[in-house]
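One letter stands for each residue in the lines below.
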Amino acid sequence: DGGITQSPKYLFRKEGQNVTLSCEQNLNHDAMYWYRQDPGQGLRLIYYSQIVNDFQKGDIAEGYSVSREKKESFPLTVTSAQKNPTAFYLCASSIDLGSSTGYTFGSGTRLTVV
Amino acid sequence: DAKTTQPTSMDCAEGRAANLPCNHSTISGNEYVYWYRQIHSQGPQYIIHGLKNNETNEMASLIITEDRKSSTLILPHATLRDTAVYYCIVRSPLEGGSQGNLIFGKGTKLSVKP
Numbered sequence: 001d002g003g004i005t006q007s008p009k010y011l012f013r014k015e016g017q018n019v020t021l022s023c024e025q026n027l028n029h030d031a032m033y034w035y036r037q038d039p040g041q042g043l044r045l046i047y048y049s050q051i052v053n054d055f056q057k058g059d060i061a062e063g064y065s066v067s068r069e070k071k072e073s074f075p076l077t078v079t080s081a082q083k084n085p086t087a088f089y090l091c092a093s094s095i096d097l098g099s100s101t102g103y104t105f106g107s108g109t110r111l112t113v114v
Numbered sequence: 001d002a003k004t005t006q007p008t009s010m011d012c013a014e015g016r017a018a019n020l021p022c023n024h025s026t027i028s029g030n031e032y033v034y035w036y037r038q039i040h041s042q043g044p045q046y047i048i049h050g051l052k053n054n055e056t057n058e059m060a061s062l063i064i065t066e067d068r069k070s071s072t073l074i075l076p077h078a079t080l081r082d083t084a085v086y087y088c089i090v091r092s093p094l095e096g097g098s099q100g101n102l103i104f105g106k107g108t109k110l111s112v113k114p
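Chains as they are written, first to last, in my numbering: chain A, 1 to 114; chain B, 1 to 114.
Derived by calculation from the structure, the hints in this document are not laboratory data. Every residue, glycine too, gets a C-beta built ideally from N, C-alpha and C. Among the clues, some could well be false.
What the hints assert, rightly or not - Okay, the calculated beta carbon distance ranges per label pair:
no., chain 1, residue 1, chain 2, residue 2, range
1, B, 63, A, 101, 39 to 49 Å
2, B, 53, A, 77, 36 to 46 Å
3, B, 16, A, 50, 36 to 46 Å
4, B, 45, A, 50, 20 to 30 Å
5, B, 5, A, 38, 16 to 26 Å
Whenever a hint applies, use it, and build me the whole structure from the sequences.
Pasting the structure below:
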């Protein structure tokens, strides 16, 4: 079955360390997205990618970096510059940016920085 | 900022219809209405979307008013597994930049009770 896989489900890191969250999709979707969710809040867009080797900043990109070397993969690195990295991170994909179809989300990675 | 207004929470009896309202008074002509839901600690799940006409699928029905300034998501026979946060989102796939992506507000927390 096609879908989006995020790994790991839970991640613990020490303050000051960079950490990379994995997101893989086998839906043949061109567009991919990273969102952050804090307790009791909606989702906020970090980065998005329309196509391979292209990505754009979302609303809260500071302290994060991404790459899109393959269509299937859109890893997110949470750097030490991110002031409050503890959150629930969600990856999503869609056929393309200009399509009216919905997004497919992964099951999320819960990052805790201690 | 989210372009929609939803009640913070709602209750529904199991087996009854759940009617979730959403106001989007500033919606523009090329913006679609999307509904997603998020069960605790999982990724959001796409439910349904529409532009002008009412829509129905195996999960729900979407009723959009004639002036498109509000809509209602209907779960015809709510079950305990429908307990979740429901997000109403308006989006134009034609809009460039991060505003063309899904922007999530806080949604409505629906509690289905036995």
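message = If I claimed the Cβ atoms of residue 5(B) and residue 38(A) lie 16 to 26 Å apart, would that claim hold in this structure?
response = holds (21 Å)
ask   = Taking the CB of residue 53(B) and the CB of residue 77(A), does the distance hold inside 36 to 46 Å?
value = For residue 53(B) and residue 77(A) the Cβ distance comes to about 43 Å; the hint holds.
ask   = Taking 36 to 46 Å as the hint, is the beta-carbon distance of residue 16(B) and residue 50(A) inside that range?
value = holds (43 Å)
request  = Look at the Cβ atoms of residue 63(B) and residue 101(A) and judge whether their distance stays inside 39 to 49 Å.
outcome  = violated (21 Å)
query = Between residue 45(B) and residue 50(A), does the beta-carbon spacing fit 20 to 30 Å?
reply = holds (23 Å)
Hint compliance for this structure: hint 1 is the single one not met.
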